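Trainee: Sequence:
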Amino acid sequence: MPAQPAYDLLSLGEVLLRLDPGEGRVRTSRQFTAWEGGGEYNVARGARRCFGMRTGILTAFADNEIGRLIEDLIFQGGVDSSLVKWVPYDGMGKRVRNPINFTERGFGVRGAKGSVDRGHSAASQIKPGDFDFDHIFGTLGCKWLHTGGIFAGLSESTAEVTIQACEAAKKHGVTVSYDLNYRPSLWQERGGFAGSQALNRQLAPYVNVMIGVLSDDPPVASSTPTDPNDIFAAEDAKLRPMMEKLAAQYPNLHTIAATLRRVHTASVNDWGALCWHKGAFHRSRNYPRFDILDRIGAGDSFVAGLIHGLLMENDAQKAVDYGAAHGALAMTTPGDTSMATFPEVQKLAEGGDAKVQR
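So for the sequence shown, this note's numbering puts the first residue at 1198; every next one is plus one.
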């Protein structure tokens, strides 16, 4: 790695155009607000806008007006797009397209709902050799690579690229974080949950920071808490031995982190986070009965805060505190990405309130 790397963080993933009907529903709306978003990209954007890190995105777009709109939104987020792969557009989208994500926020008893149109997306067609990772990591330089199960699950070729990127990052001493982020829709024709876990286990030896717990069991609903003084006592007790087991299996992991969430309604959740770091556990403060405007992207905002705490401050407790606070603040504004400032994150992480600031 160069003595002065060009990037603090690079994210490898797909970026979608999100069309948001606001308080309405996709099926009845006549107006939509445009945002950019994507599981891996959201981390780079949050790390840049809230935490001031130098970030970039590794992705691909079809070169048409929609692709250039997404690029313009990325510009507004401050994320470097110079490494984006642009693919000639065929005029009809038969061979390559830009993905669109229609997502409504939900309210009360009506949950959030997404309808994603990502078939033939340029990012899903990224293949080995499209990015020169030795040049990116060895010549340009990067301290941290973030990617995850959404990008890896898009296609067989993106799975291969994810492995290639993680191998190259390890060779050049780049820290790798990987968000398991299982999406059933991506794996329904490729082995389902078992297929995704097989790929995750292939990637795990190259990962340093795992977001979520790699387990052979499918995700299950949160259990009922047993300790009235701790809203996440049951989840905490379940996750700790799983994290320790995973760390023993893969000694390359120095951090395993997970968000804690219990859904009361689409507008009210319990929220928090747990982190295992080099043999010790760290919990964020709990956010009970937390009011939500838009929950999409909260987990990605958690990851951005976690990375800042680990990379820039070398403090696991601050990392989980910043991550949980950043995720909480992201749920108070529309869109996939955070609009929070670092002072707001620090204040909330330290127990601050929502009084008017003048």
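Since the hints were made in silico from the structure, they are not lab data. This structure is a prediction, so every number in the text was calculated from the model and none was measured. Ideal Cβ positions, reconstructed from N, Cα and C, are used throughout, including at glycine. Check before you lean on any hint, since a few could be wrong.
As the list claims (entries may be wrong) - In silico lysine to aspartate or glutamate, EDC-like type, Cα no more than 16 Å apart, as pairs:
1. K1324 <-> E1357
2. K1340 <-> D1277
3. K1475 <-> D1427
4. K1368 <-> D1329
5. K1282 <-> E1268
6. K1475 <-> D1512
7. K1310 <-> E1441
8. K1291 <-> D1260
9. K1367 <-> D1314
10. K1291 <-> E1268
11. K1435 <-> E1386
12. K1515 <-> E1541
13. K1282 <-> D1329
14. K1324 <-> D1277
15. K1282 <-> D1314
16. K1340 <-> E1541
17. K1368 <-> D1314
18. K1515 <-> E1547
19. K1340 <-> E1357
20. K1282 <-> D1327
Claimed, not checked - What follows is a set of in silico ranges between Cβ atoms, one per label pair, in the way DEER data are often shown:
21. R1222 <-> T1530: 42 to 52 Å
22. T1336 <-> T1225: 47 to 57 Å
23. E1547 <-> R1224: 22 to 32 Å
24. P1325 <-> S1412: 40 to 50 Å
25. S1279 <-> A1430: 14 to 24 Å
Trainee: Now, for every hint given, state plainly whether the structure supports it.
Mentor: Status of the hints after comparison with the structure:
no. : hint                        : verdict
1   : K1324 <-> E1357             : holds (7 Å)
2   : K1340 <-> D1277             : holds (15 Å)
3   : K1475 <-> D1427             : violated (24 Å)
4   : K1368 <-> D1329             : holds (14 Å)
5   : K1282 <-> E1268             : holds (11 Å)
6   : K1475 <-> D1512             : holds (11 Å)
7   : K1310 <-> E1441             : violated (34 Å)
8   : K1291 <-> D1260             : holds (14 Å)
9   : K1367 <-> D1314             : violated (33 Å)
10  : K1291 <-> E1268             : violated (22 Å)
11  : K1435 <-> E1386             : violated (31 Å)
12  : K1515 <-> E1541             : holds (14 Å)
13  : K1282 <-> D1329             : holds (12 Å)
14  : K1324 <-> D1277             : violated (21 Å)
15  : K1282 <-> D1314             : violated (20 Å)
16  : K1340 <-> E1541             : violated (26 Å)
17  : K1368 <-> D1314             : violated (36 Å)
18  : K1515 <-> E1547             : holds (10 Å)
19  : K1340 <-> E1357             : violated (22 Å)
20  : K1282 <-> D1327             : holds (8 Å)
21  : R1222 <-> T1530: 42 to 52 Å : violated (20 Å)
22  : T1336 <-> T1225: 47 to 57 Å : holds (51 Å)
23  : E1547 <-> R1224: 22 to 32 Å : violated (42 Å)
24  : P1325 <-> S1412: 40 to 50 Å : violated (29 Å)
25  : S1279 <-> A1430: 14 to 24 Å : violated (47 Å)
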